[in-house]
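Enquirer: Please arrange chains B and C on chain A, whose structure you already have, making use of the hints.
Protein chains in written order, with UniProt numbering: chain A, 1 to 205; chain B, 1 to 205; chain C, 1 to 205.
Treat each hint with caution, since some may be false.
Since the list gives no way to pick out one identical chain from another, each pair is judged satisfied if it fits inside one copy or across any two copies.
Straight line, CA to CA, 20 angstroms or less: simulated DMTMM-like cross-link-like pairs of lysine to aspartate or glutamate [claimed, not checked]:
#	residue 1	residue 2
1	177	144
2	203	60
3	64	140
4	203	137
5	64	137
6	203	188
7	177	167
8	177	123
9	64	198
Calculated directly from the structure, the hints in this document are not laboratory data.
One-letter residues, chain by chain:
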Amino acid sequence: MGLRFRPVEGAFYTMLTDSARHLVGGAGLLAEMVTAGADREDVAARMREAEHAADERTHELIRKVNSTFVTPFDREDIYRLAAALDDVMDGIDDAVDRMLLYGVVDLPTGLTDQVDVIGRCAEVTAAAMPSLRGLRDLDEYWIEINRLENTGDRNHRRLLAHLFSGEYAPLEVLKLKDVVESLEDTIDAFERVANIVEQIVVKES
Amino acid sequence: MGLRFRPVEGAFYTMLTDSARHLVGGAGLLAEMVTAGADREDVAARMREAEHAADERTHELIRKVNSTFVTPFDREDIYRLAAALDDVMDGIDDAVDRMLLYGVVDLPTGLTDQVDVIGRCAEVTAAAMPSLRGLRDLDEYWIEINRLENTGDRNHRRLLAHLFSGEYAPLEVLKLKDVVESLEDTIDAFERVANIVEQIVVKES
Amino acid sequence: MGLRFRPVEGAFYTMLTDSARHLVGGAGLLAEMVTAGADREDVAARMREAEHAADERTHELIRKVNSTFVTPFDREDIYRLAAALDDVMDGIDDAVDRMLLYGVVDLPTGLTDQVDVIGRCAEVTAAAMPSLRGLRDLDEYWIEINRLENTGDRNHRRLLAHLFSGEYAPLEVLKLKDVVESLEDTIDAFERVANIVEQIVVKES
Chain A
1 MGLRFRPVEG AFYTMLTDSA RHLVGGAGLL AEMVTAGADR EDVAARMREA
51 EHAADERTHE LIRKVNSTFV TPFDREDIYR LAAALDDVMD GIDDAVDRML
101 LYGVVDLPTG LTDQVDVIGR CAEVTAAAMP SLRGLRDLDE YWIEINRLEN
151 TGDRNHRRLL AHLFSGEYAP LEVLKLKDVV ESLEDTIDAF ERVANIVEQI
201 VVKES
Chain B
1 MGLRFRPVEG AFYTMLTDSA RHLVGGAGLL AEMVTAGADR EDVAARMREA
51 EHAADERTHE LIRKVNSTFV TPFDREDIYR LAAALDDVMD GIDDAVDRML
101 LYGVVDLPTG LTDQVDVIGR CAEVTAAAMP SLRGLRDLDE YWIEINRLEN
151 TGDRNHRRLL AHLFSGEYAP LEVLKLKDVV ESLEDTIDAF ERVANIVEQI
201 VVKES
Chain C
1 MGLRFRPVEG AFYTMLTDSA RHLVGGAGLL AEMVTAGADR EDVAARMREA
51 EHAADERTHE LIRKVNSTFV TPFDREDIYR LAAALDDVMD GIDDAVDRML
101 LYGVVDLPTG LTDQVDVIGR CAEVTAAAMP SLRGLRDLDE YWIEINRLEN
151 TGDRNHRRLL AHLFSGEYAP LEVLKLKDVV ESLEDTIDAF ERVANIVEQI
201 VVKES
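Chain A with its partners taken away, still in its complex shape (with noise of 0.2 angstroms):
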């Protein structure tokens, strides 16, 4: 009876939901870059600001780590989970960045369903994170995380396919591959925020 958590560990669940609620905002900034007569300067110097803070917000969650006697779970989890938390906003932001810096205006489609795959995978993330608490109810997040990541595999394959096919110039392939590859690796970044709460929970339930 009473409170099963202590004030100051609760405040870990609020910091890592709002980590995961920022990877939200990241991805529809991506989705705005992505859409056609985007300001993509203003959409770019929006995305580092937002990078930022979250940076801000993953460093003032270390240190909430290393300064607090009692945590929830392991200290070396939480600094994990915060850590690959942090990739995906880089991945996210490294994504536009390059958008803006080659100057790529023709987008094939098959790069629009990839920031779709990616604003899922945050939203669905960014509503898991709050059942970290009671460390259950996380099986379906696990297994959306799983098929999105395996959609997003398939696009990937499909669009370096698309852009090898001979319809674009060498270099333009060389730039949208660079760029489909940041999409990438994003949605891999996903995969490994899922597989640490699922070893947090293997380790702790």
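Expert: Structure of chains B and C alone, referenced to chain A:
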């Protein structure tokens, strides 16, 4: 005197050994894929099935880890090892899928050498898994995987230099480079399996 | 009063510091390699030797971890740290080998900037290792590595944009991109070393 392991623990060794044996099958399909005159559609279809079967096996192992109270070594390590074995299978499947998808036909000989390295890695890994039970006689396995990884690495760089030599059209270079890199990733995945096994031995013995 | 560490434990710090110092040597050879008029065959041969020496050192450390009862911190963490330091050396060796192998001669200036970042990372890492002993004064090390990694990341994207600008032939882009990516991987490997050090401090202090 008496049994050193309880039956439930023995099941883990059997399952890990079985997972590693799936890799020998996958490596065999990869070798078929690069054989002159192969029915590539058919080989790729069988590869997909083999990958699904391996996936099923991995999930079964994870479920067993989650539902068993006493595991022969840290449950996290079993989890990591199963995931690493699965990564190898994904790598093989990825290479086969890309070969089919990009329609690469004219394979440089160095590429076949890499397929041979993968076949040998799979055999060595499958042969080593039963030794996990006693946590010994694993030194030769590491030495051999390390040697194979070094050979693969050297092959890989030579292959890239060959692709960049001017003999192939830029788009063909891109396709072949992508396939060649998925082979290299697969060899690296074998090395990660060996590293995890090494870490388990360091920890448990 | 009395010794805080037993002599056997001190040996680990010495060995880790020594491994990190090898990286300074490797980074120096990399800098030689990109110097105008360098005898590249000769530099690459010395690099190979340096890589073998570093490998030898890593294996020695692993053997010591395996044969020592009391280690100054978790034996798995020493293992991971040694492996991460070794990955950096492999990355430097890889970059040097590719430069020789592909015969890239005309190096963009951004590439030399990346070599400078690697040199600085090596110095900072080697300087930090002795602080592992007291598990403190490591904050500046992380901050500096993080700053260097961010600089490297920015350089890297700018370099790619430059390679994609149309100034180079597609095949030359492919060669240079490959070299540039091995430099980026090396900088990432330095960051992984710093992350492992950070995790050890979080865990042990």
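Enquirer: Now tell me, hint by hint, if it's right for this structure.
Expert: Here's how the hints hold up against the structure:
1. 177 - 144: neither (26 angstroms within a copy, 32 angstroms between copies)
2. 203 - 60: Only across copies: residue 203 and residue 60 sit 18 angstroms apart there, 25 angstroms inside one copy, limit 20 angstroms.
3. 64 - 140: Classified as between; 18 angstroms across copies, 30 angstroms inside a copy.
4. 203 - 137: within (16 angstroms within a copy, 29 angstroms between copies)
5. 64 - 137: between (26 angstroms within a copy, 19 angstroms between copies)
6. 203 - 188: Classified as neither; 22 angstroms inside a copy, 27 angstroms across copies.
7. 177 - 167: So residue 177 and residue 167 pass the 20 angstroms test inside a copy (13 angstroms) and across (19 angstroms) alike.
8. 177 - 123: neither (26 angstroms within a copy, 34 angstroms between copies)
9. 64 - 198: Between copies, since 14 angstroms is at most 20 angstroms while 23 angstroms is not.
In summary, the structure is inconsistent with hints 1, 6, 8 from the numbered list given earlier, while agreeing with the others.
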